[in-house]
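Chains A and B supply the protein sequences, listed in that same order. Using the numbering used here, the letters of the first sequence map in sequence onto residues 16 to 343. Using the numbering used here, the letters of the second sequence map in sequence onto residues 16 to 343.
Some hints could be false.
When the alpha-carbon atoms are kept at most 16 Å apart in a straight line, the in silico EDC-like pairs for lysine to aspartate or glutamate are as follows [said to hold, decoys possible]:
#	chain 1	residue 1	chain 2	residue 2
1	A	Lys340	B	Asp140
2	A	Lys38	B	Glu278
3	B	Lys124	B	Glu98
4	A	Lys333	B	Asp324
5	A	Lys114	B	Glu341
6	B	Lys65	B	Glu44
7	B	Lys314	A	Asp324
8	A	Lys262	B	Glu277
9	A	Lys114	A	Asp91
10	A	Lys314	B	Asp324
11	B	Lys262	A	Glu278
12	A	Lys262	B	Glu274
13	B	Lys114	A	Glu336
14	A	Lys65	A	Asp78
15	A	Lys340	B	Asp324
16	B	Lys262	A	Glu277
17	A	Lys289	B	Glu274
18	A	Lys340	B	Glu117
19	B	Lys38	A	Glu278
20	B	Lys340	A	Asp110
21	A	Lys38	B	Glu274
22	B	Lys333	A	Asp324
23	B	Lys114	A	Glu341
24	B	Lys38	A	Glu277
25	B	Lys166	B	Asp259
26	A	Lys38	B	Glu277
27	B	Lys289	A	Asp197
28	A	Lys340	B	Asp110
29	B	Lys340	A	Glu117
30	A	Lys114	B	Glu336
Read the hints as simulated data drawn from the structure, not as lab findings.
There are 2 protein chains.
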Amino acid sequence: MSKIRIGIVGYGNIGRGVEQAIKRNEDMELAAVFTRRDPASVKVATEGAKVVHMDDMLSMKGDVDVMVLCGGSATDLPVMGPELAANFNTIDSFDTHAKIPEYFANVDKAAKEGNNISIISVGWDPGMFSLNRLYAESILVQGSTYTFWGKGVSQGHSDAIRRIPGVKNAIQYTVPVDEAVDQVRSGSEPKLTTRDKHTRECYVVAQEGANKAEIENAIKTMPNYFDEYNTTVHFISEEELKRDHSKMPHGGFVIRTGETGEEGNKHVIEYSLKLDSNPEFTASVLIAYARAAYRLNQKGENGARSVFDIAPALLSMKTPEQLRKEIL
Amino acid sequence: MSKIRIGIVGYGNIGRGVEQAIKRNEDMELAAVFTRRDPASVKVATEGAKVVHMDDMLSMKGDVDVMVLCGGSATDLPVMGPELAANFNTIDSFDTHAKIPEYFANVDKAAKEGNNISIISVGWDPGMFSLNRLYAESILVQGSTYTFWGKGVSQGHSDAIRRIPGVKNAIQYTVPVDEAVDQVRSGSEPKLTTRDKHTRECYVVAQEGANKAEIENAIKTMPNYFDEYNTTVHFISEEELKRDHSKMPHGGFVIRTGETGEEGNKHVIEYSLKLDSNPEFTASVLIAYARAAYRLNQKGENGARSVFDIAPALLSMKTPEQLRKEIL
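Isolated chain A, as found in the complex (with noise of 0.2 Å):
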């Protein structure tokens, strides 16, 4: 059988992951990383893979069964994720939740008049917590659902430390709080605040002669991002720095307590992460949706999806008689 050909369209962290998710899957092939950079420069991972400028995506149209995209929800995937969807099958982890409605309907039209199939928003969150989301409240009509993140490194707290004047370095770790967890893995549907579900850890690494009062108050006020959070920042050195904070680990747990009956008992429902590599974890998420948006654009459907719409069969290398022999 002739293996499912994939694009990597940019080769940062999670690009690399993708790469490898391609190894660890037997029915993929990398058929070409496609790059902003001089193709010359970019050295991927594996041996003999073709590089291709962006500029030069077109030429690939028929050697390439799915695109994965890897760039930013910010800037690159509004305008990449619609041009993509016209000419291949994709999928994206688009991950600005307000913007969702008019992104899906942007790579939708593309999608069907390209008679492609896109998936958006897939990873784990959006993704896999979206999806645990979804049953969980399918199941439990009355009852209240949380997600906690963490604990992880978040890229966007950690960039907007380093744009502090003075700072030199950090990273940022969210982290659910364990009290505010228990609370609600008890069943009493508690009403939590931002401050209450999660506080904010940050290491930072300070210039030569900064002012670091000035620096730990500057984090601690800014607004959105800390504000409102109980945050503690510890300054390191560059090299601590290093040794102990550059994995890039996250998770967190999705739970939905609820009641059922005429007596209302109660029931907890309860999906959890414990992830070393966030970006390769999401990178295989990414590949097994990949794997769908193949097999449904095979069987002639076109447009965008969510993970909502994607029948679970879809994402597994087994036929779905194995699947109902093995694991059902």
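Once you have looked at the hints, place chain B on chain A.
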């Protein structure tokens, strides 16, 4: 909008749970309860609800959108599943694992001939646990999946104890072994025997004058049911059994650990349920899938399905637009 009309076939614990679940889903209504008993003798919880003898089910064709089959997997469903699939959309919780392929084939044939949709093996295991095994192994291709059940009442094991001479009544709890769960969560992918994973706790009411030592021995050495487990037996009074053991709690965990990338980064995916009432929760899952069956049939589809084949969005009362906006 007209409501989805649900028929309940069999009015035991699950059937009563389905009746309660219908009350909590505003897009549904109870069409009728079908029973093998004298309908006049069956008192249902829904005022004015029809109770119809199973022999007269076909008289309700056209008045029921989905039949939820609440019979047992051993003898009821193998006959009833295909019979009803020929005439109605159906949902069942068939759980005789070894016979799923044969059962699926029989139901599929009947459902296709009748132009109906039948979703088999719905509940939490098989059901939500199966889905989580599928999602987790599709993402973490290299890894190991573990399922733990409990703490919860096993009807099959309780029944087995009740058949021992000298036993008046009994309840059996399946209990996951904490150390095994912890080992699995650590990502070490341990090889675990049946005995390592679960213990069995039995609460037994002996008949007046019965030999308790003999009963205990009969339980602990019972092939398949108990001999491969560490089993504890507690003799209690009928009053204690009623007071402390009349609920039907259950739950469990599906845990997959695996690795990604060149360096073998570790990940843990865990899904857990903690249920006050096993039959009411199972019924709530059945009803969510009844919605999906109805929608698929409205779209003109037919044949048998499992939870693996059902796009998650079909389970929700919310529209695809709402789902993308609110929980993606």
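Structure versus earlier hints, numbers of those that do not hold, lowest first
none
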